[in-house]
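Chain V with the ligands: place on chain P using the hints.
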Amino acid sequence: MLDIRLYMLQRISALIMAPLTLGHIAVMIYAIQGGLTTAEILGRTQGSVLWFSFYGTFVIAASVHAAIGLRVILSEMVTLPRFALSVFTWGSCLILLFMGARAVSAVTML
Amino acid sequence: MSSIPDMMDVSIWRGDGTFGQFESFKVPAQESQTILDVVAWVQQNQDPTLTYRYACRVGMCGSCAMMVNGVPRWTCRTHVKKVLVNNNLEVGPLRNLPVIKDLATDMDPFFDKWVAAEGVHHPTKTRDAPIEPILPTNAGRVEASSGIECINCSVCYAACDTVANNPDYLGPAALQRAWTVYNDSKDANKQAVLDAVSGVGGCHNCHSQGSCTVHCPNGLNPMNAIAGLKRVTAMSFFKNGK
Ligand code: SF4
Ligand code: SF4
Ligand code: FES
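Protein chains in written order, with our numbering: chain P, 365 to 474; chain V, 11 to 252.
It is worth saying that the hints were derived from the structure and are not from the lab.
Hints may be right or wrong, so weigh each one.
[Stated by the list, open to error] In silico DMTMM-like links for lysine to aspartate or glutamate, alpha-carbon gap of 25 Å or less: (1) V:Lys-92 <-> V:Asp-19; (2) V:Lys-111 <-> V:Glu-100; (3) V:Lys-111 <-> V:Glu-153; (4) V:Lys-252 <-> P:Asp-367; (5) V:Lys-249 <-> P:Asp-367; (6) V:Lys-200 <-> P:Glu-404; (7) V:Lys-196 <-> V:Glu-153.
Same shape as in the complex, but just chain P (with noise of 0.2 Å):
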């Protein structure tokens, strides 16, 4: 059940994704490596826009990306009305978001 709209939507948010997880592995095995403990992470987050924005932008596409996936497996498991598949992914998307929101707020923000 996907349109171009939504085939495009999916395809630029994996684009937009995968330099971003790069990203976080990147910083993931850096901030490993000189053992820097959980406050001397939240110091450097919390505060900082940069950080917000990355994690942020990330959680977005993420949402949106998988709620997209959501909604073509379930269209293709069980056969539901149009309707009931839109608010299935948008339900999806909004969860994600809030959660996301949540994690990104604790980490960057004062």
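Coordinates of chain V with the ligands only, in the frame set by chain P:
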């Protein structure tokens, strides 16, 4: 005739899509025997009420496709020797289409989707204009030529799991036709084709796993055509926002 026993066990679907069961027949094995020969033998010698469809018997008309041991095949060009398992054959109606009776399916949904995919010619000229020569080596012509040998047999449509799961999906053959029309330099309305393949049943639902290409008896590659449509619709999306 070496290794084939004299009689084969053949199960044939009897009934419609909702009610029915496989019925067993003993059919004499012969040299150079096709699945269509087996079905015809049963109808002529065992049960004249058996319903099935064929026309050309040489792989041109696309009307004889059935499920043979669970795989969609053109039965007039499928040799028994190639598909016989433990001296057994199971012949059923084509998957993903409503069954009219026994082995005959209603192919209307398949053909309706050819029209829905805008697989029709949009002329650039009138019939009085001189014929415009197109070089066979022209890139668009090469793409278009790769899909024109389709015999509309619906084997790819039966093989496609996306069709099975999404009744709106236009399916490999119709989308391949749309790709052919799109690449025809004598076609005047390419945007109509792109619009037709961009909706909820459009090319973007294809998982690119290629069952269509594996099973197409004519060796065509609908999966490749669909990938082409995805490419050009994505470009058109960036250019025109649709
Ligand atoms: S590649 Fe696409 S069209 Fe072909 S069988 Fe798979 S989903 Fe269907
Ligand atoms: S693409 Fe191949 S399998 Fe599909 S309808 Fe055409 S000839 Fe048959
Ligand atoms: S009878 Fe025409 S393709 Fe098989």
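Notebook entry, point to check: Of the numbered hints stated previously, which ones are contradicted by the structure, given in increasing order?
Noted result: 3, 6
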